[in-house]
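Visitor: One-letter residues, chain by chain:
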Amino acid sequence: MLKKPMERVAAATPAPIAHSVRGLSDRAIAWVFVAPTIFLLLAINIFPLIWTIRLSFTNYKANRIGREVKEIGLRNYERILTDTDIWLNMQATAHFLIWTIVLQVLIGFTLAWLINKKFKGNDLWTTIIVLPMMLSPAVVGNFWKFLYQPQIGLFNYIVSFFTGAEPSSFEMLGQVNLAPWSIVIVDTWMWTPFVMLICLAGLRSIPDYIYEAAEIDRASKWRQFWTITVPMVLPFLMLAVLFRGIENFKMFDLVVQLTGGGPGSTTELTSINLKREAFEKWRTGYASAYAIILFVTVFGLASIYVKALNKVKER
Amino acid sequence: MSSFSVTDTSSRTKWIAGSLVIFYALVTMIPLIWIGVTGFKSPADAISYPPKVVFDPTLEGYVNLFTTRTRQTQEFLENNPPQNWADEIVRQYDMVIVGPSKFGERFLNSVIIGFGSTFLSVFLGTLAAYAFSRFKIPLADDLLFFILSTRMMPPIAVAIPIFLMYRNLGLSDTHLGMILLYTAVNISLAVWLLKGFIDEIPREYEEAALIDGYTRFQAFYKVVLPQAATGIASTAIFCLIFAWNEYAFAVLLTSATAQTAPPFIPTIIGIGGLDWPAVAAGATLFLLPVMIFTILLRKHLLRGITFGAVRK
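Residue numbers (my numbering), protein chains in the order written: chain A, 1 to 315; chain B, 1001 to 1312.
The reader is advised that the hints may include incorrect statements.
To be verified - What follows is a set of in silico ranges between Cβ atoms, one per label pair, in the way DEER data are often shown:
{"id": "1", "chain 1": "B", "residue 1": "PHE1217", "chain 2": "A", "residue 2": "SER303", "range": "37 to 43 angstroms"}
{"id": "2", "chain 1": "B", "residue 1": "PHE1145", "chain 2": "A", "residue 2": "ARG315", "range": "19 to 25 angstroms"}
{"id": "3", "chain 1": "A", "residue 1": "VAL312", "chain 2": "B", "residue 2": "MET1029", "range": "32 to 38 angstroms"}
{"id": "4", "chain 1": "A", "residue 1": "ILE46", "chain 2": "B", "residue 2": "LEU1108", "range": "28 to 34 angstroms"}
{"id": "5", "chain 1": "B", "residue 1": "LEU1059", "chain 2": "A", "residue 2": "SER160", "range": "29 to 35 angstroms"}
{"id": "6", "chain 1": "A", "residue 1": "ARG315", "chain 2": "B", "residue 2": "ASP1212", "range": "44 to 50 angstroms"}
{"id": "7", "chain 1": "B", "residue 1": "PHE1023", "chain 2": "A", "residue 2": "ILE228", "range": "26 to 32 angstroms"}
{"id": "8", "chain 1": "A", "residue 1": "VAL176", "chain 2": "B", "residue 2": "GLU1078", "range": "50 to 56 angstroms"}
It is worth saying that the hints were derived from the structure and are not from the lab.
Bear in mind that the values here come from a model prediction, so they are computed numbers and not experimental data.
Every residue, glycine too, gets a C-beta built ideally from N, C-alpha and C.
Generate coordinates for the entire structure from the input sequences, incorporating the hints supplied.
Guide: Following this line, the structure appears as structure tokens:
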């Protein structure tokens, strides 16, 4: 139904006539409109990226301005790829990445599924659940450090209340075996709502008549869940995993505030390690090579994943 | 709606689902509530064991957040009676307020840089999004993907050359430098989101305006912009939140003049360690605006966080 007069006029106008009426030519406007954005991105993203590639073949150190810069070819890359410490950082990153995604997908999907039962007030509670993910990870991470304090922290108190363990007997941030989990817990707390929202959109996109048809065919609820709900939500879920994967591969602020990479280097994710090389040890050339390797890794993994995602969507 | 449908959920299932979700929501709120509560505790109450749920509320945290204080001799304190309520609070530690802290300044920096970069990214983003939505641009898909891919780089990796570039251009630790940087980070979000919103506005509106003698430009700002107002507003809020929350660039590229609140809040030190009530007070003031915006945005939230990939 057309209601507004403008809409009626608009519908009555044949498109070809509209196209022939012009002020400044459309092509000119298109370029004037797009150019500033492209220029800004070239200046602040692409030019620096090229600079990074250049630096990655040198032994440049940014804190020594007068020093002669030597071309050292692929030596930085060679050193990084054969460095066992960096593989430990990669492992810490993988642990963080895999567990946050597994937990967030499980909890997020379950929550979405429950919310989709459309109980009274579900909108209000959804909004409340979503709050953590919009907050500043650095500020929130810093406060979680307080919650994790062994003697006075609320987290230890709650755990000891339910398990009976002494609240001062374990240190979430200080123990090698617990620290990797402490960052997984906070990230899951923050980002489960993200997966939940996307799953909810997926669940809501399934039309009722599909279930009605299944019901007529006497498919059990269990079967309906696995043959209708899961496959139809899967593309959404995979998109959520893509976003979380990229974000957590880049993870810096939350973990730096929580553990600073410690104890030792148990939670030193690649970003934190990179920061250390670039801005504490000032091995700029080496860090540039490291940055390029990371970027290529994310880009490569993401591209492969997107291909898989598109295949699932096509089905 | 039919009165009976097989897909209707029974009231018992709804009740169980509802209680589980509410339970999760309450648990998830504990840390946030604890931040709010700790801001009104005295330092002693904040670190007592078991954690205190009932306590005498005090504004000490907030006073400590906004002021710098020094210890004074008994004699000085006796001769100089407290000036106001805030002074009175710090007197119990034999201290006097000597001036404002840096928090106000840092908060103001967050506001300037947040709003500055939001304005720029939404302004540039709207123009680019309109062009991508309405005109045939060669390689449009590749350009759009390029715009998005700039988001995949770890901030630290970008920060290395930016650090060197800004050092050469004199942009390190300046408001302008941070505004430009955050604009570059946010513009991909702005373009993708706004393109989605503008795609939804029927082309016929502008075409009618063009027939009425409007130029393309007039049609853009008299017809399309008002129609896209909601989309532009929600995009702006998203850009603002991201700029507001950003930490990695801020901690690496700013130190004194242009430092924003996120790198500053964790460094608030009291006597003998971190002053948790002051940290909590700072966190509360910093997080509260975002929570309010999140509630206002709830309808567009999903779209914003997925760059427009999922629209409800």
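Visitor: Against each hint, give a clear statement of whether it holds in the structure.
Guide: Hint check:
At roughly 38 angstroms, the beta-carbon separation of B:PHE1217 and A:SER303 lies within the given 37 to 43 angstroms, and the hint holds. Checked against the hint of 19 to 25 angstroms, the pair B:PHE1145 and A:ARG315 passes, with Cβ atoms roughly 23 angstroms apart. One distance hint, 32 to 38 angstroms for the beta-carbon pair A:VAL312 and B:MET1029, holds here, with the actual separation near 35 angstroms. For A:ILE46 and B:LEU1108, the Cβ-Cβ distance of about 32 angstroms falls inside the hinted range of 28 to 34 angstroms, so the restraint holds.
In this structure the supplied range 29 to 35 angstroms holds for B:LEU1059 paired with A:SER160, their Cβ-Cβ distance being about 31 angstroms. One distance hint, 44 to 50 angstroms for the beta-carbon pair A:ARG315 and B:ASP1212, holds here, with the actual separation near 47 angstroms. Range check, B:PHE1023 to A:ILE228: about 27 angstroms between beta-carbon atoms, so the 26 to 32 angstroms window is met. A beta carbon spacing of about 53 angstroms between A:VAL176 and B:GLU1078 agrees with the range 50 to 56 angstroms that was offered as a hint.
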